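Student: Start from the sequences, fold in the hints, and give me the full structure.
Chains as they are written, first to last, in my numbering: chain Y, 1 to 346; chain V, 1001 to 1346; chain E, 2001 to 2346; chain R, 3001 to 3346.
Don't read these hints as lab results, they were simulated from the structure.
It should be emphasised that the depicted structure is a prediction, and the values quoted were computed from it without experimental measurement.
Glycine is no exception: its CB is placed at the ideal position from the N, C-alpha and C atoms.
Treat the hints with care, as some may be off.
For each label pair, taking beta carbons as the anchor points, the in silico distance ranges come out as [as the list claims (entries may be wrong)]:
no. : chain 1 : residue 1 : chain 2 : residue 2 : range
1   : E       : Ala2085   : Y       : Ser255    : 37 to 45 angstroms
2   : E       : Ala2337   : V       : Lys1079   : 57 to 65 angstroms
3   : E       : Lys2004   : V       : Pro1076   : 20 to 28 angstroms
4   : V       : Ser1219   : Y       : Ala261    : 28 to 36 angstroms
5   : E       : Tyr2203   : V       : Lys1058   : 37 to 45 angstroms
6   : V       : Ser1219   : Y       : Glu190    : 36 to 44 angstroms
7   : R       : Ser3037   : V       : Lys1111   : 50 to 58 angstroms
8   : E       : Asp2207   : R       : Leu3041   : 32 to 40 angstroms
There are 4 protein chains.
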Amino acid sequence: MKYKIAVIGATGFTGMELIRILKAHPYAELNMLTSESYAGLSVKQALPYFNTDKLLEKADLKKAGETCDVIFLCLPHTKSAAAAAKLLKFGKKLIDLSADFRLKAPKLYAKYYGVKHPFPGLLKESVYGLPELNAHKIRGAAFTANPGCYPTGAILACAPAVCAGLVKTAGIVINSVSGVSGAGRKMKTEYHFSEQHANIKAYKLVDHQHTPEIEQELSKLRKNAKATVSFTPHLGPYNRGIITTVAFDLLKNISTEKALAVYKVFYAAKQFVKVLPEGVLPEVKNVAGSNFCEIGLKVNTRLKKLIVVSAIDNLVKGASGQAVQNMNLMLGLPESAGLLDLGMMP
Amino acid sequence: MKYKIAVIGATGFTGMELIRILKAHPYAELNMLTSESYAGLSVKQALPYFNTDKLLEKADLKKAGETCDVIFLCLPHTKSAAAAAKLLKFGKKLIDLSADFRLKAPKLYAKYYGVKHPFPGLLKESVYGLPELNAHKIRGAAFTANPGCYPTGAILACAPAVCAGLVKTAGIVINSVSGVSGAGRKMKTEYHFSEQHANIKAYKLVDHQHTPEIEQELSKLRKNAKATVSFTPHLGPYNRGIITTVAFDLLKNISTEKALAVYKVFYAAKQFVKVLPEGVLPEVKNVAGSNFCEIGLKVNTRLKKLIVVSAIDNLVKGASGQAVQNMNLMLGLPESAGLLDLGMMP
Amino acid sequence: MKYKIAVIGATGFTGMELIRILKAHPYAELNMLTSESYAGLSVKQALPYFNTDKLLEKADLKKAGETCDVIFLCLPHTKSAAAAAKLLKFGKKLIDLSADFRLKAPKLYAKYYGVKHPFPGLLKESVYGLPELNAHKIRGAAFTANPGCYPTGAILACAPAVCAGLVKTAGIVINSVSGVSGAGRKMKTEYHFSEQHANIKAYKLVDHQHTPEIEQELSKLRKNAKATVSFTPHLGPYNRGIITTVAFDLLKNISTEKALAVYKVFYAAKQFVKVLPEGVLPEVKNVAGSNFCEIGLKVNTRLKKLIVVSAIDNLVKGASGQAVQNMNLMLGLPESAGLLDLGMMP
Amino acid sequence: MKYKIAVIGATGFTGMELIRILKAHPYAELNMLTSESYAGLSVKQALPYFNTDKLLEKADLKKAGETCDVIFLCLPHTKSAAAAAKLLKFGKKLIDLSADFRLKAPKLYAKYYGVKHPFPGLLKESVYGLPELNAHKIRGAAFTANPGCYPTGAILACAPAVCAGLVKTAGIVINSVSGVSGAGRKMKTEYHFSEQHANIKAYKLVDHQHTPEIEQELSKLRKNAKATVSFTPHLGPYNRGIITTVAFDLLKNISTEKALAVYKVFYAAKQFVKVLPEGVLPEVKNVAGSNFCEIGLKVNTRLKKLIVVSAIDNLVKGASGQAVQNMNLMLGLPESAGLLDLGMMP
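Tutor: Here it is as C-alpha cells:
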C-alpha cells in the first residue's frame, strides 16, 4: 500500500529534498506537489535533478486535505501556521517543516521571529519531531513540528550528556558551521556566489532563533535541567551540511572512553546516529545526502570539559529526511523506511 | 637603503607568501631564496604566481648568515631549531616561522610536538613575535619566533578581554576553522581535493599543539591570569583564512558597547587590527591576502558571556605578513612598511 | 530474484559508486566487495557514506568467478586485463570499468597507454558498453568494456549528428571540463586541494587516451565516417561531472530546430538522454549523482557550425551508473532498473 | 609626480580592482571614487578588502573632468557612452571599461547589445585598448575602449597564429570558461551560491556579444584575414579567471616547436604575456590577481590543427589591470608601472 503525499512548497530546497527522498520511498506516492512560482511546469522542468513528469500545481489546501494522507508544509515561517490551521481539520498526517510550531512558548516565538504567533492555540497540538528523543510521542501522532537544522545537530550532540547528568546545563557553548543551502533559495547579496566563494563568517551572534529551540528540548531531558546555550552559527563556502562543536563543563571528570559509552548506550537503538570510535571524528561529507548523524567526542581532563562534534546534512537529517522519518513513525511504518541509502560522496 | 633578505625554504606556502610580500616591500631585496626540491629553477618557474627570474638555490646557511641582513626560516618543525642554532652566531636578524621557539617551556614542546627540543638553551633568546602585544620587545630584537596561525587569530581575539580583566581566564572556549593551506603543501590523503571538496570537519580535539601557545601568551597579559583554553580546530573547504570564535564567561555583565570600547582602546594604536562596529562581523574574504585582522563581538547578557570573532589570512597575518611586520620592527622600520595594500577579493 | 554481485576494487571512486547504486538496486545483492587497502574493514568503516556492515576482503578472483553472477572490475588499467583473462572462463557476466578492452586495436592501446596489451586475443570478446548505441549487442552479452568518462559525454553529444550525416566527421573539435574525481583517488601534487582550489586548466593536449576511443565509436555510426576528433580535456575546481562542448562543421546549413529534431528522434527511446528544448542548456549540477545525460545544441548559421553541449556525472553515466545499465542489459533486466532516482542537488 | 585619478563606478568588481591596483601604483593618486549605492561611506566600509579611508561620493562628471587627470568609467553598458560623451570635452585621459566603444560598427553594437548606440559618432575617437597589439596607438591617446574579458584571453591566444598566417581564419573554434566574477555583482538566481556551487555550464551559445569584438580585432592582424570565430563561453564554480582553448586549422603542418617559436617571437617584447615551454600549460590559479596572460600550445600533426590555451584573471588582465596598462601608455609612463607584483596563490 502506498500513502498519498502532498508537498506544499515543493520547489524550495526542503521541498526538493522531499521529492528526492519520497520518490524512492517504498510506501509513498507523490500525489500533489505545489509551487507558486513553477505551477504548470513538470517537476523535471523546474528541478532538473529529478526524472519526474508530474506537474507542479498552485497550492489548494482543501484538495490536499481531502485527497492526501500525508501533507508536508514547506512554507515560509508564519505562512505555514495559517496553512496548518486550515489543514488540521481534515484529520490527516501533517508535518510542518517551518519554525511555526517548534517553540511551545508564544512569547519566545514573538521574541525570536519578530511577529506574534497567529495561532498560539495550536502550539500544543504538535509534537516536536526529533525521533531520537520523541519517537514515542511521534508514533501515531497527527501533527509534527519538524526541528530546525541547527537544533537537530546540536540536540543530538548534547542529549546523552545532558540526560546522563554528566555536564553543567547552564551556558553550554555551541558553534556550528552550515552550508549555504541552509539559507534557502532566496536571493540576498550575501548569498551571491562571488560573496561567499572561499568565505566563512559568523552571523547572528547571541540571538539566533534556533537558540530557544535547543534550550527547550534539552531542558526536557533531565529534571531541573533548565539548559541554556550560547549558540554561534557560521556560514561556510559549500552547499550542504552542518558541523556542530559543543563544549561542555563536566560536573566531574570522566574518561573519553566512558563518555563514549554513555553516548553509545543512549543511541544504541537509534539507527540514524553513528557514535564514532575514539579518535574518529565526524565529517560533513560523510553524511552528504544522507539521514545519518555522525557524533564524535573527547574529554579534556585537564580542563574538565567534554567536547562533542556532530555532522548532519542540513537538508536531510536537518530537514526533509527527518520529516520522512517522522512520517514513517506517524504512519506506523518502519522508522527507517526509504532512508537508509541516501548518502553520496559529494 | 634595502636590506638583503634570505628565505630558507622559499617554496612552501609561507615561503611563497614571503616572496609575494617582500617583492613589493620598499626596504627589502630578495637576496637568497632556498629550496631543496626546486633548486636550479627560477622563482617564476617553480612558483608561476610571481614574475621573478631569481634562481632558487640549495640552502647554504653559512652564506646566508654572512651575506644577508635578515633570514626567514620556513623549515619544518625541529629542522628549524638546528638551522637557527647555526645562524644565530652571525648576529643578523633571524625570524623563525616554525613552531620551534614559540613555546618557552621545553616540557610543553616535548609533549605537544612529540620530540625533545634539540636546543632548549636557545628558547629564551627569541621573542614571541606578535607585534600587537610585544612590539616593545620585538623592536630591535635579533631573533623572533613567529606565532602560529591559530594562536594569532585566537590571541588577538582574546587579549583585550583578558588584559582588562573582563573575563574568566580558566577554560576559555575557542573554535577555529582554517583553510587547507594551513596544512602546508605536504601530500596526505585528507588533503586530496576530492576528500576536502564541500567538506568540513573538526580535528585534533583537545590536544592541538597551538593550545599551550595560546595559553602561554594570554597568561602574560594579566597578573595571575593563568589562562587555559579549550581549543578546537576545524578544516574547511577553501584555501586561505581562519575564522576564530571565542566564548568567554564574563566576570560581571557589561554592554556590547562597553566591551567594544575596551577592544577599540586596546587596539587604538594597532594598525592591523580592525575592531568592527556593533552589528558588523568578520569575514575571512575581507582579509584574504592581507595582514589585517578583523574583530567583532557581542555580549550575551542573559548568559553573562562575551562572544568574540576574529578573521585573519592564515598565510599573511597568521604567518608571512606577520613575519614581515616583525622584520620591520626588528630593523627599526615603520611597522606597516609594505604591508598595507596586500588584500584582494578572493 | 537477486543476482550476486562482486565488485573487484570496491574502494576507488568507481567501486564506491557501484556500491551506492547497487545497494538500492532491486535485482542486485552485494556479495563480494574487494579492497587491497581496506580488507578487513566494513564498508561503513572504509566508506562512511554508506550504511553497510559488509566486510571488505582481499580479491579472490576464483571465488568471485565461482560464487557471483556478475563481476565488476574496478582495477587500474593493465591490471584489469589480467583479472579479466582469469575470470572469463567462469562464464559469468563480466563488466570491466578499466580502459583495457575499450580500444579494439592493440596498436592504439600500446600508443595511448604506453604498454603492450597483455591479452590482445580477448579484445574481440568484449562489447563496447555504451547502451545508447550498442544495446542490441550488450543485451545478453557476457563481457562488456565500460566506456571512458569523456568518451561517454562526447559520443552521446556527437552520435546523432554523425549518424544522420549532418556534419563533417574529420577534425571534430571537442572540449571537456571534468571534476577532480575523474582522476581517481590516487595522490598527486596537482590533486592537492590547495593546488586545484579555484583553478582550471587544460591538460594532455592532443594526445589524451580517450581520443581514439571516441573516434573508434563515432566511426562505426556511418559508412566511411572515419571520424577524427581534436579532443582537449580540462580539470575544474569541483568533484563530479563533465561538461563537453562540440563544434561541428555542418555539411549544409540547417536550423537549430531541425538539428534538435534529429537529436530528439535519435534519443527518443533512450531513457537516460535528455535532449533539452531550444534555449535550454546542460548543467553539470543537473546530473549530479544521476545516470542521465543532458544535451543541448544551437546552430551557428553564419558559420555553418553546429554546437552541441552535453553534461554527465563522470562517476555515474561516465562510469558506474553506465556499468549497471550494462549489467541490466546483460542480465535481461529492464535497462533502467535501479537507475532512475539517483540524482541530487550537489 | 602623481596623476589624479577618478573611478566612476568604484564599487563594482572592476572598480574594486582598479582601487586595489591604483593604490599601489607609483604614479597614481585616487582622487575621486564614485558609487551611487555606497556614497557617503568610506572605501574600507564599503569594500573591506582595502585599508582606505577615502570617501565614496555620488558621480559628478563635471567635477571629475575638471579636477582629474585620468578617468576610468566602470559603468553598465550604454550608460557609459553617455558619460563618455560628457567627459571627452575636458581633454583628460578617458578609459572606458564598458562595451560601449569596443565595436566600431554601430550595426554590430545594435545587434549584440540589443540597443542602438547612443553616440555612434564617438566610436572612432576611441582606441581599442589591447596593448599587446595596439600599444603604438594607445601611447598618448586620449580615449581608450578597454577590451572585454573573453576577447582579451581569446585575442592573445590567437594573434600570433593569425598574424603569421599559420591558420585558417574562418571559423576559428574558441571555448572559454570564466569564474563567476565575470558576471559582475548583480543578483540573478543563477549566480546564487547554491546554484553555481560545484556546477559548470555553457551559456549564450553562438551569439555571445564578445564574438564580434574578437573578430574585429583578429581581422586587423593580416590583410584579408576576415576572421570569424565560433565562441562558446562557460561559467565555472570559482570566482576569478578565464581559461580559453582555441582550435585552429593549420594551413600547413608545422611542429609544436616552430609554432611556439612564432608565439615567442610575437610576444618577445610584451611583458605581460608568458609563452610557456613545450609541455607546460596555463592554469587560472597561476595568474590569479595578476596582469599576466599565460599561453601554451601544441600542434596536432595528425589532424593539422593547432591547439592554443590561454589563462588570464578576468578582473585584472581581462579588465582593470589592462585598464591601468592602458593608462600607463596614455600617460607615457612605463607600460608595466604598478602591474608586475599583483599575483597571489588563490
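Student: Confirm or reject each hint.
Tutor: Each hint, compared with the structure:
Look at Ala2085 of chain E against Ser255 of chain Y: about 54 angstroms separates their beta carbons, and that is not inside 37 to 45 angstroms. As the Cβ distance of Ala2337 of chain E to Lys1079 of chain V is approximately 58 angstroms, the hint placing it in 57 to 65 angstroms holds. A hinted range of 20 to 28 angstroms for the beta carbons of Lys2004 of chain E and Pro1076 of chain V is inconsistent with their spacing of about 50 angstroms. Distance hint check for Ser1219 of chain V and Ala261 of chain Y: the Cβ-Cβ separation is about 35 angstroms, which falls inside the suggested range of 28 to 36 angstroms.
Taken as a hint, the range 37 to 45 angstroms is violated for the pair Tyr2203 of chain E and Lys1058 of chain V, whose Cβ atoms sit roughly 30 angstroms apart. Distance hint check: the CB atoms of Ser1219 of chain V and Glu190 of chain Y are about 38 angstroms apart, consistent with the given range 36 to 44 angstroms. Between Ser3037 of chain R and Lys1111 of chain V the beta carbons are some 54 angstroms apart, a value that agrees with the proposed interval 50 to 58 angstroms. Range check, Asp2207 of chain E to Leu3041 of chain R: Cβ separation about 54 angstroms, and the 32 to 40 angstroms hint is violated.
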